[in-house]
Amino acid sequence: MIIKAKNSVKESHSFFKGWSVLSLRNRIAFYYTFMTAFLIALVFAVIYFTVERIVYRQFDEEIKKEISEILSDAKISTHDFKGFASFQNQDIDAAVQDNDNDNDNESKKKKKINVDTEFIQVVDNTGQVVNKSSSLSWCVLAFNPNQTGTTSFNSNFGGVMVRQAQVPLINSSGVTEGYLIVAVPLKNAMIVLHDLQDIFFFSFPVIILTLFILTRLIAGKSIRPIEKVIATAEKMTQANLDQRIPLPYHHDELYRLSATFNALLNRMEDAFQREKHFAANASHELKTPLAIVKGTLEVLVRKPREREHYETRIQFCLKELNRMARLIDQLLMLARYESNKMNAHIETIVLSQHIESVVERMQQSASTKDIAISIDNTESDLIRADSGMLDMIFENILTNAIKYSPTGSSITIAVKRVANTIVCSITDHGIGIPKEKLPAIFERFYRVDESRNSSTGGFGLGLSIVKKLADLQHIKVTVTSEANRGTTFFLTCPAEEVNC
Amino acid sequence: MRLLIIEDEPGIAGFLKDGLEEEYFAVDIAYDGKTGLDMALINEYDLLIIDWMIPALSGIEVCRQVRKASITVPIIFLTAKDTFEDVVFGLDAGANDYIKKPFEFEELLARIRVQLRNKSQIDDALNAGSLTINPVTHQVFCASNEITLTPKEFALLEYLVRNKDRVCTRSRIIEHVWDIHFDSDTSVIDVYITFLRRKLEAAGCGNIIQTIRGVGYIVREPGIS
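Top to bottom, those sequences are chains B and C. Under our numbering, think of the first position of the first sequence as 1, with each following residue one higher. Under our numbering, think of the first position of the second sequence as 1, with each following residue one higher.
For the record, the hints were derived by calculation from the structure and aren't laboratory data. Treat the hints with care, since some could be wrong.
As the list claims (entries may be wrong) - Mimicking DSSO-like on lysine-lysine, the simulated pairs with C-alpha atoms at most 30 Å apart in a straight line are:
(1) B:K294 / C:K100
(2) C:K34 / B:K276
(3) B:K294 / C:K199
(4) B:K287 / C:K164
(5) B:K319 / C:K34
(6) B:K369 / B:K276
(7) B:K437 / B:K294
(8) B:K276 / C:K100
(9) C:K17 / B:K319
(10) C:K152 / B:K303
(11) C:K164 / C:K34
(12) B:K303 / C:K34
(13) C:K34 / B:K294
(14) C:K152 / B:K294
(15) C:K17 / B:K287
(16) B:K303 / B:K276
(17) C:K34 / B:K437
(18) B:K303 / C:K199
(19) C:K34 / B:K287
(20) C:K34 / B:K435
Unchecked claim - Quick list of the computed label-pair ranges, beta carbon to beta carbon:
(21) B:P246 / C:D82: 30 to 38 Å
(22) B:P434 / C:P10: 19 to 27 Å
(23) C:S58 / B:P434: 15 to 23 Å
(24) B:I375 / C:K100: 47 to 55 Å
(25) B:I375 / C:F84: 23 to 31 Å
(26) B:H277 / C:V136: 38 to 46 Å
(27) C:F84 / B:L209: 53 to 61 Å
(28) C:P10 / B:V448: 39 to 47 Å
(29) B:K319 / C:E44: 19 to 27 Å
(30) B:K476 / C:D82: 36 to 44 Å
(31) C:E44 / B:D471: 54 to 62 Å
(32) C:F84 / B:H277: 12 to 20 Å
Claimed, not checked - Facing chain B, a subset of chain C residues (Cβ under 10 Å, in silico):
(33) G11
(34) L16
(35) L20
(36) A80
(37) D82
(38) F105
(39) A110
(40) D124
Everything numeric in this text was worked out from a predicted model, so none of it was measured. Beta carbons: idealized from backbone N, C-alpha and C, even for Gly.
Kindly produce the complete structure, drawing on both the sequences and the hints.
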């Protein structure tokens, strides 16, 4: 057992060193085994000490019985001791004989200690042996002069373990004249206790080792799905995000882990897909005008031409370049907003004043298409927003409204207070947006008209900018639309709390 | 040589048409995939230039449909899609070549010439007897005498020589040398043939273009007849 303990100390030393790299299943097995080892040790100890106590109690009772028998046989009272003469050898041996009927006298004569019988001894108050049973032969029982009660204790003489008790013999004047010591051999009990100890000591490491191996096996089996998760995750690269973790059979934590992981992968794949689309769209939108300008100029310089021809081609190129510059502006703006480098300076703003100033600026382009913009606000409209960003939102939405409205139609801007928000609606009577395309309109480069041709002049970035700006100011943007009937944008702005 | 450009950006289609017509090609333009596919299936073109991202039907789909109809016309993809996966995908869909935008116009011309080259040809020069046509420089030689031709005359002669030893019907000549907007009056061919014969005769290659009565014209390698 000691060797085993030493080993385990050594083990645990290197084991703490490698704790951080220990696999989960080993760690679970270790934890579990440690806890169980502690509990088993505790249970063993409780059992052992309980058995020991029961055994000793039995001996103590036997001793007590013996003492009272001897005293009654010798007609001695412990409180009225009449002198050692009361003890006769015959009495003592008779007492031993009484309790040891099957014991033969031969053994006593051999001057050997008979371990199966009781031992009785009488000492005076200095510890001098006055009388003793012949079973003791030449040996003497231990005497503890400091002990006053009749408590039992273990001792041994001549290599024999005994349980003994001593009774003080007090004379009538209250002086302790001597002691009666009675002992019974512990032989059988000691064998039982030793066996019990041996069983515990040998079974303990076996149980612990078996437990460790089993726990390790079970832990390994139950965390096997984790290995699958790891294997799948290792195989995953940006290029093949389509891999998914096979869901385990049991609906447990590992199932949830796998499902959560898969959901995360779905979102990531979506995001990557959107980024890829965005990159493809951006490159198409940038490369096309570049290709046009480059190609036109290349063809132009191949041969000498008329002045007029040059002028029309160069004008055309300039138009394309302007368009490209606009796109780059918008892309950069979007990039700045998305990297969140732009902070909204939220302040209290009178919404109607803002709308009026934006409408005034847009009036020119609206009048070329003979579109009337009317503002309808009756309620107080103090909101919390960034004025520059708010302007841009209105400009973008109004530009779209004008662009997709037929000549001579009207655009209505209304402001309404709903609970503690101000809702601003911008309604046009233009071509509208088909229902199935509504969810996508805030995506970058998304255009309802899929041909992406430049005749309407847009890039599909305006509404993504609107959305981004609105998000920065905690403004909610929603849209309802009906094809060929018109579109309404709703801006739900946080209202300034007016303290009355 | 008659080309079809399927391209939705008017700017790109415009300068391609300008530039290619200056190179004596007859150029038709389709601004969406569906129209383009119809034109490619109905008319006989010598080469298709297709943009990938076009409305109605994607360039890839047009390409597949054309190949499905067993038309072996060379197809060049012209697109802003520029990853190698896109290139591979495009070529696998049946394209013969792939040019990424923005591109050099000269490079496009060179690639068009490569596609128009016969399989047995080592360079772009076309020969018929002592007649040599260089489509790169637009020069025509009879032995060592250079012949000056107008663009239409050049285009007509080039078409006939590319199809030498085969009868070119009047309708095919009209289709390949004049663009789609030309009316079906084929008598204009006779006028140009007369001009060509006169110039060739002056240079010493007089009998190279022969008339197949009621059908069209043929350029024959001397000695085969």
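Evaluated hints:
1. This hinted pair checks out: K294 of chain B and K100 of chain C have alpha carbons roughly 13 Å apart, not beyond 30 Å.
2. With a C-alpha separation of about 27 Å, the suggested pairing of K34 of chain C with K276 of chain B holds against the 30 Å cut-off.
3. As the CA atoms of K294 of chain B and K199 of chain C are separated by approximately 38 Å, the hinted pair breaks the 30 Å bound.
4. For the hint pairing K287 of chain B with K164 of chain C, the CA-to-CA distance comes to about 41 Å; that exceeds 30 Å, so the pair is violated.
5. Of the pairs offered as hints, the one joining K319 of chain B and K34 of chain C holds, with about 29 Å between alpha carbons and a cut-off of 30 Å not exceeded.
6. The suggested pairing of K369 of chain B with K276 of chain B is violated, with an alpha-carbon distance near 37 Å, which exceeds 30 Å.
7. Simply put, K437 of chain B and K294 of chain B have alpha-carbon atoms about 35 Å apart, too far for the 30 Å limit, and the pair is violated.
8. Note on K276 of chain B and K100 of chain C: the hinted pairing holds, with a Cα-Cα distance of about 18 Å set against a maximum of 30 Å.
9. Taken as a hint, the K17 of chain C and K319 of chain B pair is honoured in the structure, with Cα atoms around 19 Å apart against an allowance of 30 Å.
10. Under the criterion of a C-alpha separation no larger than 30 Å, the hint pairing K152 of chain C with K303 of chain B is consistent with the structure, at around 18 Å.
11. Among the hinted pairs, K164 of chain C with K34 of chain C is inconsistent with the structure: their alpha-carbon atoms are about 34 Å apart, more than 30 Å.
12. For the proposed pair K303 of chain B and K34 of chain C, the alpha carbon gap of about 35 Å is over 30 Å, so the pair is violated.
13. Restraint check: the Cα-Cα separation between K34 of chain C and K294 of chain B comes to about 28 Å, which is no more than 30 Å; the hinted pair holds.
14. The straight-line distance between the Cα atoms of K152 of chain C and K294 of chain B is roughly 27 Å, inside the 30 Å bound, and the hint therefore holds.
15. Distance check on the hinted pair: K17 of chain C and K287 of chain B sit about 19 Å apart at the alpha-carbon level, within 30 Å; holds.
16. With a C-alpha separation of about 41 Å, the suggested pairing of K303 of chain B with K276 of chain B is violated against the 30 Å cut-off.
17. The suggested pairing of K34 of chain C with K437 of chain B holds, with an alpha-carbon distance near 23 Å, which does not exceed 30 Å.
18. For the proposed pair K303 of chain B and K199 of chain C, the alpha carbon gap of about 25 Å is at most 30 Å, so the pair holds.
19. For a cut-off of 30 Å, the pair hint linking K34 of chain C to K287 of chain B stands: about 24 Å separates their Cα positions.
20. Annotation: proposed proximity of K34 of chain C to K435 of chain B holds, straight-line Cα distance about 25 Å (limit 30 Å).
21. For the hinted restraint 30 to 38 Å between P246 of chain B and D82 of chain C, the CB-CB distance of approximately 37 Å keeps it satisfied.
22. The hint said 19 to 27 Å for the Cβ distance between P434 of chain B and P10 of chain C, and at roughly 26 Å that hint holds.
23. A hinted range of 15 to 23 Å for the beta carbons of S58 of chain C and P434 of chain B is consistent with their spacing of about 20 Å.
24. At roughly 49 Å, the beta carbons of I375 of chain B and K100 of chain C sit within the given window of 47 to 55 Å.
25. Under the hint 23 to 31 Å, the C-beta atoms of I375 of chain B and F84 of chain C, about 54 Å apart, miss the expected range.
26. The hinted range of 38 to 46 Å is satisfied by H277 of chain B and V136 of chain C, whose Cβ atoms lie roughly 41 Å apart.
27. The supplied range of 53 to 61 Å is met by F84 of chain C and L209 of chain B, whose beta-carbon atoms lie about 59 Å from each other.
28. Restraint check, P10 of chain C to V448 of chain B: a C-beta distance of roughly 20 Å breaks the suggested window 39 to 47 Å.
29. Take K319 of chain B and E44 of chain C: their Cβ atoms lie about 36 Å apart, and the range 19 to 27 Å is violated.
30. The hinted range of 36 to 44 Å is satisfied by K476 of chain B and D82 of chain C, whose Cβ atoms lie roughly 38 Å apart.
31. At about 56 Å, the beta-carbon gap between E44 of chain C and D471 of chain B stays in the expected band of 54 to 62 Å.
32. Distance hint check: the CB atoms of F84 of chain C and H277 of chain B are about 18 Å apart, consistent with the given range 12 to 20 Å.
33. Among the interface hints, the one on G11 of chain C holds; its C-beta lies about 3 Å from the nearest C-beta in chain B, closer than the 10 Å criterion.
34. The interface hint given for L16 of chain C is met, as the beta carbon of that residue sits about 7 Å from the closest beta carbon of chain B, less than 10 Å.
35. At its closest, the beta carbon of L20 of chain C sits 9 Å from a beta carbon of chain B; the interface hint therefore holds under the 10 Å criterion.
36. Of the supplied interface hints, the one on A80 of chain C holds, with its beta-carbon coming within about 4 Å of a beta-carbon of chain B, less than 10 Å.
37. Because the smallest distance between the Cβ of D82 of chain C and any Cβ of chain B comes to about 7 Å, under 10 Å, the interface hint for this residue holds.
38. Satisfaction of the interface hint for F105 of chain C is found here, the shortest Cβ-Cβ separation to chain B being roughly 4 Å, below the 10 Å cut-off.
39. Against a cut-off of 10 Å between C-beta atoms, the interface hint on A110 of chain C is violated, since the closest Cβ of chain B lies about 13 Å away.
40. Violation of the interface hint for D124 of chain C is found here, the shortest Cβ-Cβ separation to chain B being roughly 18 Å, above the 10 Å cut-off.
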